[in-house]
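The task is to assemble the complex, starting from two chains supplied on their own in separate frames and drawing on the hints.
Line order of the protein sequences matches chains A and B. Everything in the first sequence is counted per my numbering, starting at 1 for the first residue and increasing by one. Everything in the second sequence is counted per my numbering, starting at 173 for the first residue and increasing by one.
Please note: incorrect hints may appear among the correct ones.
Straight-line distance between alpha carbons at most 25 Å, and here's what the computed SDA-like set of lysine to any residue pairs gives [stated by the list, open to error]:
| hint | chain 1 | residue 1 | chain 2 | residue 2 |
| --- | --- | --- | --- | --- |
| 1 | B | K182 | A | A171 |
| 2 | A | K98 | B | T195 |
| 3 | B | K822 | A | T140 |
| 4 | A | K98 | B | I181 |
| 5 | B | K887 | A | A167 |
| 6 | B | K881 | A | A167 |
| 7 | A | K98 | B | E693 |
| 8 | B | K881 | A | T80 |
| 9 | B | K881 | A | T61 |
| 10 | B | K887 | A | D131 |
| 11 | B | K887 | A | P137 |
| 12 | B | K881 | A | E141 |
| 13 | B | K201 | A | D51 |
| 14 | B | K201 | A | E95 |
| 15 | B | K822 | A | A142 |
| 16 | B | K227 | A | R32 |
| 17 | B | K881 | A | G150 |
| 18 | B | K182 | A | R172 |
| 19 | B | K227 | A | P38 |
| 20 | B | K881 | A | P137 |
| 21 | B | K887 | A | A170 |
| 22 | B | K822 | A | A163 |
| 23 | B | K881 | A | L50 |
| 24 | B | K881 | A | A134 |
| 25 | B | K201 | A | L50 |
| 26 | A | K138 | B | Q884 |
| 27 | B | K201 | A | R32 |
| 28 | B | K201 | A | A171 |
| 29 | B | K881 | A | R32 |
| 30 | B | K887 | A | Q166 |
| 31 | B | K201 | A | N28 |
| 32 | B | K881 | A | N28 |
| 33 | B | K881 | A | D40 |
| 34 | B | K887 | A | V30 |
From chain A, some residues computed to sit far from chain B (all C-beta separations above 12 Å) [to be verified]:
| hint | residue |
| --- | --- |
| 35 | C21 |
| 36 | Q85 |
| 37 | E87 |
| 38 | N151 |
| 39 | R172 |
Don't read these hints as lab results, they were simulated from the structure. Being a predicted model, the structure only gives us computed values, none of them experimental. Think of the CB as a built atom: it goes at the ideal place given N, C-alpha and C, for glycine as much as any other residue.
Below are the chains, spelled out letter by letter.
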Amino acid sequence: MQGELQPLGRRAYSTSMTGTCSITLDVNGVTRTAEVEPRDLLVYVLRDQLDLTGTHVGCDTSQCGACTVHMDGRAVKSCTVLALQAEGHAITTIEGLKRDGGLHPLQQAFWEKHGLQCGFCTPGMIMTAADLLATNPKPTEAEIRHALAGNLCRCTGYQNIVAAIQAAAAAR
Amino acid sequence: MATLFGSGIKRREDPRLITGRATYTDDVKLPGLLHAAVLRSTYAHAKLGKVDVTKAKKAPGVVAVFTGADVKDKLNTVPCAWNVPNCDLKVPPHPLLAIDRVRYVGDGVALVVAESRAAARDALDLIDVDYDALDVVVDPEKATQKGAPELHPEVPGNVAFTWKVAGGDAAKAFAEAPVTVEQRIVQNRLLPTAMEPRAACASYNPGTGQLTLWITSQNPHIHRFLLSVMTKLPEHRIRVIAPEVGGGFGSKIPGYADEALVSFASMQLGRPVKWTEDRSENYKATIHGRDHVEYVAMCGTKDGQITGLRTKVYAGLGGYASTAAPGIPTILHGLMYSGPYTIPNIEGTIYGVYTTTTPVDAYRGAGRPEATFLLERMIDLYARKIGMDPVDVRRKNLIPKDKFPYTVATGITYDSGNYQGALDKALQMFDYKKFRAEQAKARKAGRYLGVGVTTYCEICGLGPSQVAGAVGFGGGLYDSAIVRVYPTGVVRAYIGGKPHGQGEETTFAQIVADEFGIPVENVEVVAGDTEATPQGWGTYGSRTTAVCGSAVKVAAQRVKDKAKKIAAHLLEASEADLEWQDGKFAVKGSPDKGKTFGELALMANVAWNLPPGVEPGLEATAFFDPSNFVYPFGTHICTVDVDPETGEVKILRYIAVDDCGPQINPMIVDGQVHGGVIQGLGEALQEMVVYDEDGQLLTGTMMDYAVPKASQMPKVETAHTVTPSPVNPLGVKGVGETGTIASVPTLVNAVCDALAPLGVSHIDKPLTPARVWAAIQQARAGGGGGGGAK
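Extracted from the complex, chain B is given alone in its bound form (with noise of 0.2 Å):
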């Protein structure tokens, strides 16, 4: 039987989903049900004094108010999962109701449950509310400059850690480096935008003291602790289901006080209680991401060798510190500072800063694109001062596929790589040197081309719990799955993971029929569930096929140990003399009398005859804990066209070479790939949060806030290269964040370079026609863009 492996077989999830017929949590309906809606701050930051529900209380419909002084007793704060040991990390306590003090527009105040949705919405306005203003700070350099507001009395300053990464000796390489490239990057602040804005209803029995959420979760098993953390509700009385799910992107990773308010109103009032966002709710009250302010210097020699990078970066982390925010600029961005180049001196500091903005945490890529944007566009500063092609730099510096596994300065060892493979891949679809000759000619006419082209790697496929214990990750990142075979042969996988969008349904469905040699239609992969899935961890930093795939792999292995003892018994011979061949186990050489994965389904199941000490039964459970992290890598290649005039960037190829190692289903990797590509594309060209001074939300719609558009983007071009990693049995690597991770940099090296002759050197992303417009007026002034290499 051919493998399924390998095969982009068309997804098991889609036929629900194209006929209107999955359910999401805002589809979820129970007798009784009441709405609830959360009155969010309007002020930046201000104290908080009397909150007056007396109206509300009264308005039709409306069945209760709560408030942060109602709660506070009652319900624990919301918690930061992730303390980054040896940063002096500062987490005040962040309410789930503000109590006496609100931190940005959109903290909650207070909550109404009511009849219907409209009452809800209707009874926010009758709410009157006491501001007094306090200073406000949205940028996270300006933040822990002197006389700055402070947002938390424990928190002066407000620093909430001081991190630091250092390998080699970064004081002498830039000492003695002939050349050093010096420049401020900003990373943009983003809204993670899910098409699905985040949602809960609780439904707790009073009768049996359970309590069941339904919630918009990548983690439904993470989100079971915080809330059993945040009610107070032991972990056993909670039953978590993230049903279908409207993409994350790393928003439905965290904890917010919303699921554990209407678990608590449901609580109180012993029905069940449903709130959803709208997109306005959500741009203000779903976390954020990137959001850095940056200051990097590259060294290195005259002729392209990089010596020295370092780096001091400003993280903001918005009002408080969400779940995972503080690993997001350390952990997961500083540990990266390599990149795929053999750096020897490394030296960065990170400060978290508190802001009175929305608290920022992981969003796809989750510090991975700020490591490698800041690496990309500093190798590009270097090429072009010491006048080598940045083709050039990056082939000299990069690891050479002989050296794996390979320590990095920073201390992580990357488990396998061929980089030079996936360049020399890229460099076979684009034809470089026929673009430079063009771009010559095209510059003489007054036109401005450019290419950008990054090499890069990155972390994922989190990871070996011991690891996540070392780094203070307040869990385990191994995954688990449970693998059930049916009397009649079909066969059920429980996973850990909670894909949303990424196919896992299919590609893990395809793992288990190629063990098990039965079609791929006789296998159903449930997740979501915290009632019938083991404990995982959930899907976020592109983990879920080299993690909860390798648990799903091991767990059918398993299964398929225990067949062949059932088969040997029934065959009247020894285990050692049997081999599987076409979906049956048969006596080597005796092909024709075997026994199929069918019928030792049913003989374990009935146990009419089994072997002795053999347990009735086909099911197993595995959890599988990685050795290590997994690196993807790749070479993309963007090529533009900016109109001076106006500052357009119009894309004219772009193309993607990615290394995953084998894929399942390569239809599914690459659409990965796009979604991804297109993300960072957004990042790059369009997409931007706005705080005015006094810290209100100016992107506050989807108006105002520029998610790309198909009229927008480009189509991108594929390829792979195929390098296995050693540290699971499937040999994967996560593709999910690849494209966003890669595609920043192309995109801003591209238009860097097209504008190079007219002495631009840098520009700030998004490069609206604005920006790029200002950076060229300000070049021909003689000021070098938007700040310029030294």
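Next comes chain A alone, as it looks inside the complex (with noise of 0.2 Å):
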């Protein structure tokens, strides 16, 4: 469900002498700063200075899906975005994931379909599907299950998963 990656923020950036420069972004409702260089994927700026260790990193070829977040709402890899293309972009990661201040309805889901084993790719699998159920709220088991083409598990063989996203498709 990647879309197509958002133009580069409005702020013309300023490179400091050791290579880096200063991104402003907004995470899961907070405005973070951070000092990046350009070759900084997302994904690392996320869990190693912004301290987001929920998104994962399972593969370096964009196959896995378990480092997927939000990026202004649509489901993006993070291993795929340059930490610099986030900048001024609206950041939602599986810890900013919450319905009321609770469980989000598919994080519930999960939990009460048994929808994770070892709970590696269960962030990315969940902002996948979040993705996918703001798009197309009643899918179709075969919708979701092309939906997840993007995102590998090795310990559920899918069903529950499926079966968590059909109960929270349901529960709205």
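Shown next, in the form of structure tokens:
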């Protein structure tokens, strides 16, 4: 469900002497700044600088989807977004996915339907599923399975992940 | 109070996992943390010349660079810990960093330590290495042939061991049998692909001499021992913490050079050092699975009685013998050649073979999937040859349910079973006759439908320590638990196992809560930290519930026995007059005057009024060593629709009937079956490691290695029968690997059944469209698919 990359933010970048520059972005509703190199990937800035380690790195070729976050409401693989590209954008990570201060319906459904085992792929799965339900509130099983093409799970065989997404859709 | 045993309650693990609040090894951050990266050989086999690190050492942010020459006198080599006896096992040294030769693409050459992850990676490119290329061999059968390049001077012909299993008189059986079928089978090499790559973070305190290592581990106590061997630090100065672990499937059992190297670096530099592999590094530096070339023969009567099985197996080990590698294709494979059947005559020869490839070790199922596959494949070939239905052949040869405990020809004794019961249940769910009729009709219309039926049993719940010792396993196989009751009546259970997705924080809490009659929320299960948990042997071989869960049960019973003594004292009654009811001990006949578990917990911990001779406190430790392995079993059925024009396989239905004894949490059991089946279908349909003729790993990233996706995989219909095991107090058997063991032959047999009218008798997995299509073309040209039954 990766949308087209958004244009870079409004601000012009000033690169410091050390080859880094400062970016400002909205993360889970809070304005955050980070000092980044042009090559830094969003996922490492989230994990290493902003201490949001719920977003995981499971591959280096943009296949596994464990790093999926939302950028301006759309699911993106944060291993495939340069941190600079997130300048001025709103990022939501698994830590920021809530509903009325409690669990998001998808989090609740993953819990109730045993949609996770080791949990490593789970944040990315949930973020992708949230994007799917935002654009297709009542997906068929085939549509759900197709939407998960960019998210790999080695534990569950996907069956209960699909069931969880169906349950969350039904509960809307 | 209703028991929690048998209830599919939600998992206790999940809240932290679904909210991003779990801590995996790469999430660990420490003050002054340094980052490590490993330079890995780009050659499969080469003499190693000069490793010039001058430029790398001067690179920005680099703190240190270590080569094989720097560490070889300070550290030991990577140990192999399963020294299978009576097979002339040869284990050449496996240096932590290559010294004079590299033996696979991914072999470690140098370690860079830097202030940041990126700086460490950048510096790898600045290291100049002189390689003098040598010939390579990636196929385990070819590696044993005359003239093949040899990896280790001390292993002529690359044969690490020759292990034999024999029972009955196979030579006589084959000589006398009216029917024999033969088949060459290739068990494709696989990448375990736990979603979390391996990582290690070491922190050495020079002031205390203590090393703490966070590591992606299925077995922290084994890693503590192996790390002690490699680093020469005494075991009591090492604390291993396996925090949240993102899957393992066997790949996080072995000891690797990497964790010893970061530990060494931390000891040298006095700062914490972290290393996390990326996926393409994982694919070449973390163990692989399977990799057999097998020659199998089965003989029997014309009416379906199997009389003999014979194998010759070339099992690839890769460049070095990994921690458990020698035991996988021998003890966990060859001893299972009888499967669930009464095969009286068995003979197998297994060659363990070094090849210029990544080391091979335990991967989900570890030896048993290969045994089940070859057996089930041969039965279908045999059935086809004698013109008998494959289900009838299986039924005729299953061990009868009244024969347990049953000793098979390979010498092991199965604990309990009702194989016919599982087969019957599966056939209730699936109308076999109706499908055969549909299949016949479809064939007339040019559609190729097929069905595969597997009846399996497997060995797990590893296992009695005495047997472990007898078969050369370098450790015990008991497991352990401490059950500790706090003054307020809440409980922690510290366990020797290390679940990494299997849900024992929930199922073990169910066991404890039942024992004490308290809510499950009042029990926490703690695993993974060697500082807190008793010596255990880890989570693999579908052993944790059967062995460690039993330790939890026994420890909880001991706690309750002590609570009963205190209750008798407080109630001024004799213990014999007390009964446990509704969460309290009360005098029989006076249920309202009892002492609740909470009251007894408080009294035990404050010790104001205890019976004479009873110590304060309320906790117990148990080390449980089972009397035998457990042997879960079942029947799986799969139907497929094969497109003869494209070779594409479409799965129509998948049914799994498994018997793992009584289920503590049926929701979790079904989850294990789902995941196991899909992982097996990946092996059967699409997963395969490919090396080119230079030993380069062509399936080196997730772009190239076909991990199953949601859209490619079917729904699994599960059902169960319940046959308790007599070898542990819970009666449970393992269910972590049954799906992977059963599903591979089920799918392949279904496809071969579909293509039977075209003359296809065998196709080597994975059954990619290209392979299926090629087999169809070959059969149409008169070749019998990928090599037919004789």
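Hints, verified against the model:
1. Among the hinted pairs, K182 (chain B) with A171 (chain A) is consistent with the structure: their alpha-carbon atoms are about 18 Å apart, no more than 25 Å.
2. The hinted pair formed by K98 (chain A) and T195 (chain B) meets the criterion: a straight-line CA distance of about 20 Å does not exceed 25 Å.
3. Simply put, K822 (chain B) and T140 (chain A) have alpha-carbon atoms about 19 Å apart, close enough for the 25 Å limit, and the pair holds.
4. A distance of roughly 23 Å separates the Cα atoms of K98 (chain A) and I181 (chain B); the hinted pair therefore holds under the 25 Å criterion.
5. For the given pair, K887 (chain B) sits about 16 Å from A167 (chain A) by alpha-carbon distance, which is consistent with the 25 Å threshold.
6. Our distance criterion of 25 Å between C-alpha atoms is met by K881 (chain B) and A167 (chain A), whose separation comes to about 20 Å.
7. About 23 Å separates the Cα atoms of K98 (chain A) and E693 (chain B), which keeps this hinted pair within 25 Å; it holds.
8. A C-alpha spacing of about 20 Å is found between K881 (chain B) and T80 (chain A), which places the hinted pair at or below 25 Å, so the restraint holds.
9. For the given pair, K881 (chain B) sits about 15 Å from T61 (chain A) by alpha-carbon distance, which is consistent with the 25 Å threshold.
10. Distance check on the hinted pair: K887 (chain B) and D131 (chain A) sit about 23 Å apart at the alpha-carbon level, within 25 Å; holds.
11. For the given pair, K887 (chain B) sits about 22 Å from P137 (chain A) by alpha-carbon distance, which is consistent with the 25 Å threshold.
12. Restraint check for K881 (chain B) and E141 (chain A): the C-alpha separation of about 14 Å stays at or below 25 Å, so the hint holds.
13. A C-alpha spacing of about 9 Å is found between K201 (chain B) and D51 (chain A), which places the hinted pair at or below 25 Å, so the restraint holds.
14. For the hint pairing K201 (chain B) with E95 (chain A), the CA-to-CA distance comes to about 18 Å; that is within 25 Å, so the pair holds.
15. A threshold of 25 Å between alpha carbons decides the hint, and for K822 (chain B) with A142 (chain A) the separation of about 14 Å falls inside it, so the pair holds.
16. The straight-line distance between the Cα atoms of K227 (chain B) and R32 (chain A) is roughly 37 Å, outside the 25 Å bound, and the hint therefore fails.
17. Taken as a hint, the K881 (chain B) and G150 (chain A) pair is honoured in the structure, with Cα atoms around 8 Å apart against an allowance of 25 Å.
18. A hinted pair counts as satisfied when its Cα atoms are at most 25 Å apart, and K182 (chain B) with R172 (chain A) qualifies at roughly 21 Å.
19. As the CA atoms of K227 (chain B) and P38 (chain A) are separated by approximately 24 Å, the hinted pair is consistent with the 25 Å bound.
20. As the CA atoms of K881 (chain B) and P137 (chain A) are separated by approximately 22 Å, the hinted pair is consistent with the 25 Å bound.
21. For the hint pairing K887 (chain B) with A170 (chain A), the CA-to-CA distance comes to about 19 Å; that is within 25 Å, so the pair holds.
22. Among the hinted pairs, K822 (chain B) with A163 (chain A) is consistent with the structure: their alpha-carbon atoms are about 21 Å apart, no more than 25 Å.
23. For the given pair, K881 (chain B) sits about 31 Å from L50 (chain A) by alpha-carbon distance, which is inconsistent with the 25 Å threshold.
24. The hinted pair formed by K881 (chain B) and A134 (chain A) meets the criterion: a straight-line CA distance of about 22 Å does not exceed 25 Å.
25. For the suggested pair K201 (chain B) and L50 (chain A), the alpha carbons sit about 12 Å apart, so the restraint of at most 25 Å is met.
26. The straight-line distance between the Cα atoms of K138 (chain A) and Q884 (chain B) is roughly 21 Å, inside the 25 Å bound, and the hint therefore holds.
27. Taking the CA atoms of K201 (chain B) and R32 (chain A), the gap is about 20 Å. The hint holds against a cut of 25 Å.
28. For the proposed pair K201 (chain B) and A171 (chain A), the alpha carbon gap of about 39 Å is over 25 Å, so the pair is violated.
29. The straight-line distance between the Cα atoms of K881 (chain B) and R32 (chain A) is roughly 35 Å, outside the 25 Å bound, and the hint therefore fails.
30. A distance of roughly 14 Å separates the Cα atoms of K887 (chain B) and Q166 (chain A); the hinted pair therefore holds under the 25 Å criterion.
31. At most 25 Å may separate the alpha-carbon atoms for a hinted pair to count; K201 (chain B) and N28 (chain A) meet this at roughly 22 Å.
32. A threshold of 25 Å between alpha carbons decides the hint, and for K881 (chain B) with N28 (chain A) the separation of about 29 Å lies outside it, so the pair is violated.
33. Simply put, K881 (chain B) and D40 (chain A) have alpha-carbon atoms about 29 Å apart, too far for the 25 Å limit, and the pair is violated.
34. At roughly 41 Å between alpha-carbon atoms, K887 (chain B) and V30 (chain A) are farther apart than 25 Å, so this suggested pair is violated.
35. In this structure C21 (chain A) is separated from chain B by more than 12 Å, as the shortest Cβ-Cβ distance comes to about 15 Å.
36. Every Cβ of chain B is farther than 12 Å from the Cβ of Q85 (chain A); the closest lies at roughly 18 Å, confirming the non-interface assignment.
37. With a closest Cβ-Cβ approach of about 19 Å to chain B, E87 (chain A) is found to remain outside the 12 Å limit, as its non-interface label requires.
38. With a closest Cβ-Cβ approach of about 8 Å to chain B, N151 (chain A) is found to fall inside the 12 Å limit, against its non-interface label.
39. Non-interface call for R172 (chain A) relative to chain B: holds, since the shortest CB-CB distance, roughly 18 Å, exceeds 12 Å.
In summary, the structure is inconsistent with hints 16, 23, 28, 29, 32, 33, 34 and 38 from the numbered list given earlier, while agreeing with the others.
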